[in-house]
Amino acid sequence: MNRFAQSNREALYALGLAGLYALVWWGGSLLEGKGYLFGMPLWFAISCVFGPLLFCLLPPVMIKLFYRDIDLGDDDE
Amino acid sequence: MNKALILPLALYIVANLALGLYVSRKHRSQSLEDFYLAGRSLGGFVLALTLVTTFASASSFIGGPGIASRLGLSWVYLALIQVPTAWVTLGVLGKRFAIVARRTQCLTITGFLEGRFQSKGVARCASLALMIFFLAAMTAQFVGGARLFQAVTGLNYQLCLFLFTGTVALYTCFGGARAVALTDTLQGFVMMTGTALLLFAVARGAGGFSAAFAALEAKDPALVSVHGPGGAVSWPQLVSFWALVCFAVVGLPHTAGRCLSYNTSRAMHRAMVVSTPVMTFILLGMTLCGAFAPLFLSGVESDLMMPTLAIKLLPGWAAGIFLAGPIAGMMSTLDSQLLQMAATVTQDLTRLGHGDEKKAHRWARLLTLILGLVVCLLALNPPELLVWLNLFALGGLEAVFLWPLVLGLYWEKGGSCAAYCSMLCGLGSYFLFRHIPLGGAHEVLPTLVVSLVGYVIGAYVGPQPDAQLLEPYFNDSFRRPE
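Protein chains in written order, with our numbering: chain A, -2 to 74; chain B, 2 to 483.
These are computed hints drawn from the structure, not numbers from a lab. Every residue, glycine too, gets a C-beta built ideally from N, C-alpha and C. Keep in mind that a hint or two might mislead.
Said to hold, decoys possible - With the Cβ distance kept under 7 Å, some of the chain B side facing chain A (calculated, not the full set):
1) V84
2) G92
3) G95
4) I100
5) L136
6) A223
7) L470
8) D477
Said to hold, decoys possible - Covered stretches of chain A, going by a simulated chain B footprint (3 or more residues, C-beta under 8 Å):
9) 1 to 13
10) 16 to 30
11) 39 to 46
12) 50 to 58
13) 62 to 68
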């Protein structure tokens, strides 16, 4: 396995996940004035509570699916 | 002066010193890799906490929530841009950075730049920028820390300053990066505990979160809007903040330095998993407390809002723990900066003890102490120039380091000319954009664009570096000749 190619891919996935987060964070703001959830304004609940909560759970998923355990030193082979 | 308040703080200071001492006893190795990078042996959990706490500073506890008390939920919204910061920092520099750094045995970010661009000049310029901005930022943090200490304990400013600086300089000098990482972990726990305590007290005081949101809306509907009272938090500001505190953090030398010190790729994975919730909890918890603060207090100066709130809502011992939070935030940032600065001086600016590991190690420790002392003296009576420079520190470091670091790592094209162009254009335009109205956007956003363009132009115009010397950076199957 080419470790460089793999880590390039991983870097892109990390950026992609951040982009996805930004999308949810921004999207929530469109719900301003659209009611309440658990006593919080709906936009706030999505952008600032449940969105971030979801994205605390996604890094492990990303790592499970796309990240590989590789050797960081050179002397193994 | 409140004894119940001081006890947790005093205990906490002692615990930090004890940890530093313990580490220096346990690891008697005198290698530089050990001192600066904890022997590249950090595990995932410690790496996560040291990364988060290095990034979170006093402003996460005092400054930010203080602003949230004026701007309501809009500031919470702005702060939560930072949720991805930890996984972006670790992920973007990634394993490639770790592999290359091991191969080239580089100990510092500036050392990496020197090797990649094959130029001592690039490293010197970067080191100089790092020294200047770090000095400014650290002085400001020390001043803030000592003032907070003073406000809480009633001791005089000089004494607070010496206590505070002395602690940080001593444990960093004793234990190097291992002590920094361990104390950061302790500090992370203190920060989380403080956040949880205050959040709980605020919720209880307001009669539950739903009631708090309702009361806030009744007070002023603008406080629960996306853009805040008078549209204070605009989209240009939000987008540029995203660049400043989330994306470009990859380029901060003291957080990027963390990406050099983990032991295995598994540790990095684990750190990505652990750091995000910790970061989110502290950010959301603290800014939310700040946003709810006007329900309990009025007419308090922004920077005193959170300490006053804690003292009002929490019993003495708990307020003490809470106040240790911002102190921890400052310490955990300062120790990393101190270490990074000592590394830069010994590795890149001078060649103190070069070739003799033992001597170099002694110099590294000595310099940590000396630099700590210098910053302490500066903080006694901060020169105006430093106060002014501090306003530029975060963005300035990003303008200098981000592209040479990231593009240097991933893009084969570009030699020293590209790095120079990127750093100089970035820094120059940063100061220039300060004076141009940008419609509410922070000047770091156009600055990063300019320094990117500078890099690309420099890469095409300037000479290519020696392909052979680039091998370790771009050839996966490169092996060091025996």
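Here's how the hints hold up against the structure:
With a cut of 7 Å, the hint placing V84 (chain B) at the interface with chain A holds, because the nearest CB-to-CB distance is about 5 Å. Interface hint status for G92 (chain B): upheld, as the beta-carbon distance to the closest one in chain A is roughly 2 Å, under 7 Å. Annotation: G95 (chain B) was flagged as interfacial toward chain A, and the flag holds, the nearest CB pair being 5 Å apart, inside 7 Å. Look at I100 (chain B): its Cβ gets to within about 5 Å of chain A, closer than 7 Å, so that hint holds up.
Taking 7 Å as the C-beta contact cut-off toward chain A, the hint placing L136 (chain B) at the interface is violated, the least distance being around 31 Å. Of the supplied interface hints, the one on A223 (chain B) is violated, with its beta-carbon coming no nearer than about 12 Å to a beta-carbon of chain A, more than 7 Å. With a least beta-carbon distance of about 17 Å to chain A, the hint placing L470 (chain B) at the interface is violated under the 7 Å criterion. The restraint placing D477 (chain B) at the interface with chain A holds, with a minimum CB-CB distance near 4 Å, inside the 7 Å limit.
Counting residues of the segment 1 to 13 of chain A whose CB lies closer than 8 Å to any CB of chain B gives 10, which reaches the minimum of 3, so the coverage claim holds. A stretch counts as covered by a chain when three or more of its residues have a beta carbon under 8 Å from one of that chain; for the segment 16 to 30 of chain A and chain B the count is 5, and the coverage holds. Counting residues of the segment 39 to 46 of chain A whose beta carbon lies closer than 8 Å to any beta carbon of chain B gives 5, which reaches the threshold of three, so the coverage claim holds. Judged by the Cβ-Cβ criterion of 8 Å, the segment 50 to 58 of chain A is covered by chain B as claimed, because 5 of its residues qualify and three suffice.
Chain B is given as covering the segment 62 to 68 of chain A, and this holds because 5 residues of the stretch bring a CB closer than 8 Å to a CB of that chain, at least three being needed.
Checked against the numbered hints given earlier, the structure breaks hints 5, 6 and 7 and satisfies all the rest.
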